[in-house]
Structure formats: C-alpha cells, structure tokens
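Going line by line, the protein sequences match chains V and Y.
Sequential numbering from 1 applies to the first sequence in our numbering.
Sequential numbering from 1 applies to the second sequence in our numbering.
Just to be clear, a hint being listed does not mean it is correct.
Unchecked claim - A short, non-exhaustive set of chain V residues, derived as facing chain Y with CB atoms under 7 Å:
1. R405
2. E521
3. L601
4. L649
5. V650
6. V652
7. A658
8. D663
9. G664
10. Q665
11. P666
Because the hints were derived from the structure by calculation, they are not lab data.
Here the structure is a predicted model, which is why all the values come from computation and not from measurement.
We treat Cβ as the ideally placed atom computed from N, Cα and C, and that holds for glycine.
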Amino acid sequence: MTGSGEFAEFLPAYLAEVDELLASAQKDLLSVEEAVRKGLAQPRAVRELFRALHTLKGLSAMVDVEPVVSLAHWMEASLRLADQAGGRLPESSVEPLVEGLRAIEVRVRQLGAGKAASPAPANLLERLEALGPQVLESAPRPGRRVVLDAEAAFASRLAPSEREQLEGGLAGGQRALRVDFVPSSERAAKGLNINTVRERVAKLADIVKVLPLSGAAAGGASLAFALLLITRAEDVTLLEAVGGPPARVLSLESTAPATPPGDVGAGTPEPPGAAVPGGAVLDEELDEPEVRRGGGLLRVEVSRLDETMEWLAALVVNRSRLTRAVTALTQAGAPTRELTAILQENGRQLRDLRSAILRLRMVRVGDVLERLPLLVRGLRRATGKAVRLELDVGDAELDKAVADRLLPALVHLVRNAVDHALETPEERQAAGKPVEGLVSLTCHTRASGQLVLTLRDDGKGVDAKAVAAAAKAPVPDSADALLDLLCRPGLSTRQEATSTSGRGMGMDIVRRIVVEQLGGELRMETRKGAGTTFTLSVPLTVTLMDAIIVECAGRRYAVAVGTVEELIDVAGVVRPAGADGVGLVERRGAAVPLVSLARLLDATAPADGAAGQGAKALIVRQRGDPVAFAVDRLLGQQEIVLRPLEDPLVRVPGVAGATDLGDGQPTLVLDLGALGAARAIRRKRAARAGEWVS
Amino acid sequence: MNVLHVLFKVDGTEYAMPAADVVQMESFTGATPVPGAPAHVAGLVQVRGRVIPVVDARARFGLPAGTPSLDSRVVVGQLGERTVGLLVDSAREVLKLDPRTIQPPPPMVVEGAKGFVRAVAQVGPRLVMLIDFPRVVGEEAADVDGQR
C-alpha cells in the first residue's frame, strides 16, 4: 500500500462511494440468493451486482487498493458470465460471493480506520476465480436449444428476462408467438382496441410483452402493436381474438434452429450478441453508471449540516437582538411599523430555513434498514432455522441521529426474534406452523411526529414463567410488567444463549436506546405459541447536545456546554448590601455578578445558604454580560437528548426542555442566560407592584 | 347509553371524568418541578418515555396540600394533541354512569368549584363530581385544542 498516502485526499470520497456500492451489492446478492434457492434467474439483480462490482473495481484501482481490486475482479468476471447466461448463478456460487463482499467490506473498513488494507485471502481468490467456469457449466443449456427468431421477436427491444420467458415457454413445449394487432376506426367502433385485445389474448396466452410498432405495418396502417406470447392456443383462436386479418400470427421460434445440443462445445458460451441478443453487457454501457446512480442525490457530511445549523443559530440570536433594538426604538417613539413588519417576515423566513435544514438531515428508513436482510441471512445460516424477513417500511424518513441510534436496537430485536423466539423447523412443523418462520418489520409515521416501528415474529412467544425464574421475580401479570422484567439489566435466560445472541446487548439496552436516548416508547405484546410483537415509537428528530450536569438543592440540571464560558470555584464572594443576595466574584480582574441557581429556581431558598459554601459556578452570558450561576456540585458532562416541552403549562423562559439521565425522572435542561433574564424582569415587576412573586 | 368514567378522590370528595379521555393511570413517585410554571403544576413526570406536565388537583381546587402516598395516582388525560396528568389522592374505580343520573351542578358547587365541576352524578348514595378536564388543566387548552 505504497500509494495510500498519495491518494489520501480522495479517500473520504472513495469510502463514501464504496459504502453505497457495497450496500446495494449486498441487497442485490440477497435477491440473487433468493432466486437461486427457487431455481429462478434474477437477471436484474445479477446485472446490478455486476455493475456495482465493476464500479467498485474501477474506483479501488484509482486509489490503488490492490486487494479490493483483485477480489472485485474475480467476482465481476463470474457475474459477467452469469449476466450473459440470462442472470443465472449456480447455488454453490452464492457463498463465495457473500464472502467476497465481506472481505471487501473488511478492507474498506480498514482503510476507513486509517490502516492499510490487508491482502486478499489467497484461497478466497481461488474460489472466486473458479466461479466463472461453474457459472458456465450451470448455464441453462436445455433452454439454449430453442432460439428466438431475433427479427420477429424484436430481440433488441427485449429484456433478458423477457427473452428467457419466451425461450422457457418454448422449451416447456408451448408456442412462442407474435400476434400483430392493427387498430382502426371500424375496429374501435366494434370495441376492438389494444386494451380489449390485451384482455382477450390474456385469456388465451401469457403476454410477455406488448410493443407498439410504428411505420408501415401489416395492413398498411401507420400504427400497430405486436404482442409477444407464450401459449398453447391455436393460431385461428388467437386471430379471432384480435379481430382477424389484417392481424397475423408469427412464430417466434427460429426457422434455422441452433446447433443441436451435442454440438455445443462444453462450457463454450454462445457468442454474445448472436444467440443472446441484447443480453451481454457491453463495456461502453458501463462507463456511465454514475449518472444513473447519482439520480439527483448529493452526499453531504453530517458535520457540514451541523455547521449550517450553527450559523442558523447565530442568525436566530442576532434576530432576537434586532427585535430588542426595535422594541426599544418603538418605546422611544420612533416610527417602526415597517421595521416591525420586516422583522415578522424575517421570523417566518428563519423558521422556514430551520425546517429546510432539518429536512436535510432526514434519511429514508428503508436505507437505514438495508442491512437487516443480510443479518437475517447470517442468522439463518448460524441457527439452521428457516426464516423470512418481511420489510415494509414505505418511504418514511427520520433524522440521521435517530436512525443511527435506532439501528442497533432493531438489530438486537431481530437477532432475538430469530434466535430465541422462532422455533426450529421441526418444532414448527410439530406445532402445525409453516416451517419457515416470519419476522416482519413495518413502520409508519404518526401525525404527532413519531415514527412507529412494529417488529413481529410468529415464534413461540415470551415464556413469562421462564423470565420470572431468571429474574427471580414473581410471574408478571401483564405484558408491560413482563417487558419490565425482560428489560432488567443483566437478565438472560442464559441456558439457551447461543453464539449469535446472548452476548452483546440485552433488552435493557434496547429500552435505554428507545426510551431514554430517543425519548420514545417501547411496548410488547406476546402470545404463547403465536408470537411476539414489539412496537417502538420514536420521534422523527431529536436534538442532541453536550451538556454539563450540575446539582443544585438536591436536584440535577443540565446546561448546554456551548452556553457555558467557564466553570469556576466560588471563593471570595462579596455581597454588597441591598443587592438582594446577588454577590460579586472576581474573574480575571473584573467583578462578575454571582447568582444562586437555587434561589433563581425557587425564590424561597435562602439567598446565601449552604449553596454559597465552597460551591461551583457556571459563567454564562446573560444579555451579553457574564454572570456566574452558583450550584452545589458539578456532576459531569455528557451528551443528552433534549426533549422540548410542548405543553403551554410548562413552556417557560429559561427551561429549554427536559432530558432523561437514566433514572426515569425528567431532568430540566436550563438555559441559564434566559432564566436569569426572565427572573430579573419578574423581580422588577414585582418590586414595582409592591409584592414578591415567586 | 351508559358512559364509562374513571373515578378518583381528592380530599375525600369523589370526582370523575370520561374514561375515553384517560390514556392511563400511573402511580406517583414525584415530579420534577418547573420553575416559573403556574402554581397548580406539580411538575414533569415521564410516562412511557414521554415527558408530560402534571397538574396537582389539590392545588388547582384550592385545597390544602397533601402528602404523596402509595395511593396517589396520576390520571393521564388526553386533550386533543396535549397529554396532561392530573395528580389525585387515589383512583381505584371505573364506573358506567347513567346519563339520567347526571345533573347540572347546584349553584353553590359551581361557585365553590371555580367552574371545574361540569355536572354531578348520583351513584347510589354517593355524589360524584364530573370535572371539566380542559378547564382543570388550564385555560391554555382553548387555544391549543380549538374544538373543546
């Protein structure tokens, strides 16, 4: 890896691009595998997979990642052959391909972590290299015996799958035909148009494709349609269905049949472009997949979005200063009507800008979950259980920050479902269930700004007694109580723990992610023998912030790190008479007002009680000037999820929202500057009214 | 057409609200006070991951403050888009109230209850006050909720 330094500046772009290619390749490989298991061809996925590896190889060659280039090269080579064979892959080829992708992924991760990519395993390369001949051997030779009449079948306009369908029909003893229908006004008057013809023909045959033909067609009309069919019906019957002549029926079977099967050289593919017209991917065609892939999307680093958010925040702060200035002008009697109108417009624009930026951070749920099929595939192999994963997530979107946190919880639940909930095929058969277990994940967005994900399995259900025994607790009497037990830290029904689960995180972590980190909700329903359903409701967006956690008068509070200028030890407080308990501390040669947070939060607290003794203070700017807020203790710094307080009852200045520090009790997130300012105003008003307001 | 109601007690008096407006009931283990919130707001509690305000029924009804006990309950009510809890002394019963037994409150009750009592129902020998939940929770309800 001598070249890595040279290409360092391209590495981030390379990693991002390759990540995406790998994700789509994995998805395609899974659908290929699915098709292979059913003995079907999957031409589209094979081609996509081929394209992905082709691009991957090219990109990796550009940044000189030799191991990835070799891996991708041999995979690409066999996939090219499979594509030419109409998208067929032998079953034995799936595993090496999966391993190949994994090996590429491992190396890409190494690069991402700043390491050199380790060399490609020689035996894997050998196996991948051997795939090509295997693909050729398994190519469906019987199907090749029948050859379409390229001209009659408009071969160039057929997709490989359509061609295969026609050939398959022929090989299966049916007839592959082309029926031309010529519309005319008289025919239309009799109710014969392309739609009714389609319907009539569909009763007699499988319609593979309908092609409009322009130019002179049979009967001299300027427009006609060719229907390509597989059927057992007689020509006469079909002709009648399309209204008789000038319609005509043509056989699609080549009049000059291909060389008899015995004469085909073993393992020699037919030359691309002749017998398999339109089947082979030409290299020119591959030169611009990026255009298609781009599709108007732009990849942006999250940090840049965050930066944009910060600029927006600065704009908001500036706006409130402007508002104050205008208010002052108005009070001074200046004509500010127009200024006020502009200010209001400006406020709307800021809100629009904010929601536009928030939308930028949204990712599709479907994209987030694209790893799950691969996970289930791995579990299927590890557990020997037959399981099908059904994903129905539509086009819901959620914030990237939520998605990143949610995924591990979902991975855990899916793992649990396959590992613990689903029975073995034998048990399922004995219970009269379909042998293949089902895990389904659906989601929808609620109007309240929540995403509801439902993960359902049709396994044996949670055994409340076993859980109670493991937790050494009484048997719970409700699903909620059972879930509480399941979510106890460290709970495990370990005797059935396996290599795939039972390690890593438990249900307690799932709950912590959903409830505490995301401020969502986790519910469970379970029925013995019928299965378990987990419902996760999470907010579509969360506001994350680094916060300093402080203790004051026995309670904990969080304060955004960004607002705190300095943490100081409170010492040498001067308490001027008549300052209403506000002290002064010295900070770098200047006197800074010191306010007791306890007093600020609860005016009945003593002005200079225990809180003043050896306590700490946070210096925050209040209306531009530094103010020290005295607290009892500093507990630390951590990332918190800010939950805004929506209800008018608790929407008060100085309280930015609440968060959960893990104790199940809301902890207030304070905006000290706003809190101090709001209290100062109250105090003034109260003083004027001659009474004290708490 | 008997309507299911949730019954609860505050300072010895029985109150009720339609069960359809009640999301759930939770035992009360303390609320996080919110400085600057109206005096009848006990604070915030977390109910299944959601943070909701809790209105102290005693404070709201102008009754002497009580001490939270094992019987204390938060009746979590739905007010349009809002979810608000009501802290009561106890809540044990769910009853179907016959509309024919529901009467407008006597003038004296109306005055004493500051409009929080919407009607009075006779359940056997007992008198149950049907509360006007939106009003108990706070005037803001009218702005936020509109239809109520």
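Taking the hints in turn, this is what the structure says about them:
Against a cut-off of 7 Å between C-beta atoms, the interface hint on R405/V is violated, since the closest Cβ of chain Y lies about 14 Å away. Satisfaction of the interface hint for E521/V is found here, the shortest Cβ-Cβ separation to chain Y being roughly 4 Å, below the 7 Å cut-off. With a cut of 7 Å, the hint placing L601/V at the interface with chain Y holds, because the nearest CB-to-CB distance is about 4 Å. Nearest Cβ of chain Y to the Cβ of L649/V: about 4 Å, under the 7 Å cut. The hint holds.
Look at V650/V: its Cβ gets to within about 5 Å of chain Y, closer than 7 Å, so that hint holds up. Interface restraint check for V652/V: the shortest CB-CB distance to chain Y comes to about 4 Å, inside 7 Å, so the restraint holds. With 7 Å as the threshold, the beta carbon of A658/V comes within range of chain Y, its nearest partner Cβ sitting at about 5 Å, so the hint holds. Hint status for D663/V: violated, given a least beta-carbon distance of 9 Å to chain Y, over 7 Å.
Hint status for G664/V: holds, given a least beta-carbon distance of 6 Å to chain Y, under 7 Å. Contact between Q665/V and chain Y, as hinted, is supported at the beta carbon level, the nearest pair being about 6 Å apart and thus within 7 Å. The criterion of a C-beta within 7 Å of any C-beta in chain Y is met by P666/V, whose closest approach is roughly 4 Å, and the hint holds.
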